[in-house]
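For the record, the sequence lines run as chains A and B.
When you line the first sequence up against our numbering, it's residues 1 to 267, in that order.
When you line the second sequence up against our numbering, it's residues 1 to 268, in that order.
FYI, nobody ran anything at the bench for these hints, they're computed from the structure.
Check each hint, because a few of them may be wrong.
What the hints assert, rightly or not - To be clear about the criterion: a stretch of chain B counts as covered by chain A if any three or more of its residues have a C-beta under 8 Å from a C-beta of chain A, and this derived list gives those stretches:
| id | region |
| --- | --- |
| 1 | 91-101 |
| 2 | 115-122 |
What the hints assert, rightly or not - Listing some non-contacts, in silico: residues in chain B with all C-beta distances to chain A over 12 Å:
| id | residue |
| --- | --- |
| 3 | Thr73 |
| 4 | Gly78 |
| 5 | Glu79 |
| 6 | Ala83 |
| 7 | Glu252 |
| 8 | Ser255 |
What the hints assert, rightly or not - Per label pair, the in silico range of CB-to-CB distance:
| id | chain 1 | residue 1 | chain 2 | residue 2 | range |
| --- | --- | --- | --- | --- | --- |
| 9 | A | Arg261 | B | Gly251 | 54 to 60 Å |
| 10 | A | Ala254 | B | Arg129 | 39 to 45 Å |
| 11 | A | Val258 | B | Thr146 | 18 to 24 Å |
| 12 | A | Leu113 | B | Asp23 | 46 to 52 Å |
None of the values given here were measured: they were computed from a predicted structure.
We treat Cβ as the ideally placed atom computed from N, Cα and C, and that holds for glycine.
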Amino acid sequence: MATDTGRGFDGDELRAGLGLDDPRRLLRGAAGVVGFVVVWHLVSLTQPAYVLPPPTAVADAFAGEFASGTMTTALWSSVRHWIPGTVVGTTLGVAAGVAFSWSGLLDDVTAPLVRTLRPVPPLALIGFAIAWFGINDAGAAFIIAVGAFWINFYASYGAVEGVSEDLLDVGRTLGVSGDLDMVRSVVLPASLPGIMTGVRTGLGRCWMLVVASEIFGVPGVGREILRASNNLLVDTVIAYILVLSLMFLLVDVAFRAVQRRVLVWRA
Amino acid sequence: MTEDDPATGGRAGGAPDSGVAADGVGKTYDGDGDPVRALDDVSFAVDGGEFVCLVGPSGCGKTTLFRIIAGLTDATDGEVRLAGTPVTGPTTDMGVVFQEYHLFPWLTVEENVGFGLERSDRSEAERERRVDEMLDLVGLADFRTTYPKSLSGGMKQRVAIARALAVDPELLLMDEPFGAVDAQTREMLQRELLDVWTSTGKTVLFVTHDVAEAVTLADRIVVMAAEPGRVAEVVDVDVDRTRERGDPAFGEHVSHVRELIGARPELD
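Bound-form chain B, shown alone (with noise of 0.2 Å):
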């Protein structure tokens, strides 16, 4: 694990390492009746700092991908990379962050924060001074010591993001965290989580069913196809941020996009 990794100037040519990479990945399920193909040769690139959606129709096996990325399934065929390295299960270096915050209930939203950085080799007072950060980061460093029980839900994810990043991990792996709260927070959410990418330079795979969403987000979109969940096109929103959805570019990004899963424009 690098401290402090060098990715935030590196995001236009950053180390061809530092990313996370799907090389050739498939995974089937072997059920009662017949084997199920749930992804087949999956394989893409992030790079070190970028920030890349993942979407796709559901059942295109966005969720396995995600778990076999975060090393919580194993795939059956090719292999995932973090910086270069196959993962073989869960690690640190992944700041994993799931739909439904999934936060200790018995722990504070400090002890929260904190409860990956007691398993690091960092004193102290380095992890309280991390802990501090992340709650700065994340703007709730008012709510230190209260249960997530009072929380509401855009709160636990923020502290589920603070969590995840805690440990300084070089990529952060989100799938569809803002699937859970309402249209506003939504917003809110996502520009906050674009505020902390810049700031940190972390790279960032963020997995929704959300075109808009990804649109919004993302430098660029890994497109996925269902039955049996594949690639169907990784593209590029060369559009400037801020995106606003009213821009022409951005509406044409993600006619453009639902139309490779198509998707009506309704359903989004």
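Chain A extracted, bound-state conformation (with noise of 0.2 Å):
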């Protein structure tokens, strides 16, 4: 079953990415941690803290952006940006995907657009987002969308064009006439571990892009980032960081759950 979908997408190397169910595991990547945060320490002890801030400075800025209530409003503006454009980017990317990797028609028409659009970083359309949206929400959520859309879009475009001939053939013989019928009982299925994920690639980055999203001066933790760059406040910038990182993982790790649920027919 292996050769007939996704090959190459393998669920199990990716789980328990954090050792979460393997208590041994949990306590190396613990000890990592602590380990990364002494020498993190011994090496802020021979450094301005403009260049290198100490991991307690970092905790203090942490706590001190989190009480004064800037670090929940920015990460609320951040979220307001994230979700819109993940989901409309996501579910762009993969309809798109799969219909062009499907047609050969749609395939033959798109492809000098798509080679064309494809290179342009999102951030090179800030000024479409402006124009288009505006300094605000909307216009940050595109730019994280676009940049969803191209990871969906390819990943979805694969796992189609990855789908076994044979299980059409059979499909085929079984009554499935049609191209909705084929993509909806047979297409969809096989590519679906290959579209999860490029899904979940899409999620991670579109925390990355939330950063460049909101360059242009629309609140939020990219802006909080930016601010504090520019004030050479080089430990509220890493608190910000952590806060990146631990939505990432939040989100990483709930999505993680829904794969395995859904793939349960995989495992």
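These two chains come separately, so use the hints to put the complex back together.
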């Protein structure tokens, strides 16, 4: 069955990336974190705070930003960019990837466009974001959506391409007729592992894009990072980077749980 | 599609229209270089309820012919008729079983078996009953909620057979279905297939490269020759079932077919 679908996208290797289900791995992971913080602390003793602040300063900054409410406000604002950007970009990316990959005609028509637009980094579209949406949540969400779109477009495109011709043949002999029925009954389920890997990659990438999407003045975690950077408040920068990491982790763990449940037939 | 076709009783004098026939089937592939003639003027008929094997050396176009009969590939010349009607594409009047099973890995055993039924006009209760029947037929009732990944090769092929039979096709068309399982499982599956054939009365066209397998199973064997793929001879297997490999008549048939396809015995 592994030969049939989504070869190369293996959920097992991703499973327990954190080692949450294995106490020994959890312990080793904790040791790694503690070791890193100790080394960081030692190195920071030799450097001025604007080059590398000590972990304690970061903890203070974290607590301060949190207590003042700045952090919660910024995070909430970023979530309001991330959710619509990710949802819209992912939905359109998967839909276009599946459709263009399945339909030779659509593929032929769109291939030159796709190849032209693909190399454009989302950040280069800031002008359009401002012109079309303004300096607001929608503009930031647009940047994130563009990033999510391409990741999901290519993952889905490849996953559909990888669907075994033999499964399609079986479908045909069992009465599947028409593109819609074939896509729904065979192509989508067969390519789902690959599609979900793309979605998962996109979810993470979109947290990175949050920073970029707020570069032009929309409030959020990214905006706070840029503001702190401009003031050389490196401890605050790191505190907000930690916020992004935590959000990424939270989303990733949750999505992995969903993925495992949906793809129970593969494990 | 006829419901519970009467072919069970009609094996000897079956209605002339209930089987499958290839009539002058030819296939030419236009490659980069010269066109390749894969099949040339292949004609034979399988009567309703009959069990016919198609054997031949590798490269004789067995798989191409299988795909043409299944409606998955177009013939360049001639036509295939199922119950008198030309085959123009895949049809649920044919249950197709492939060598590598090709179960839908995201569906459980019962969902795989029920896949074709979902597209029929049967009621849900009927579909469920049919799935139950099929699972009983192949002895997998205890594995109905299992996913294919947990099944052995032999079990997967049983599911594939049940899936193909579920829509009650007129013809069971099989391409080296037991080629991927070990010898012991193969013999068991052969016996089971004969049981299924006897109890359902389906017409079976079974492609194999294994001469002994063909002699074990078939009423008649269509022996093919290569370059271009064509029918060398149609051999009647008049050996009583159940056939034993030690039986001299069995051995004679095997030798005869092997001679026709030019296979050395040790190559089987």
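Looking at the structure, which of the earlier hints fail to hold? When the structure is compared with the hints, only number 3 turns out to be violated.
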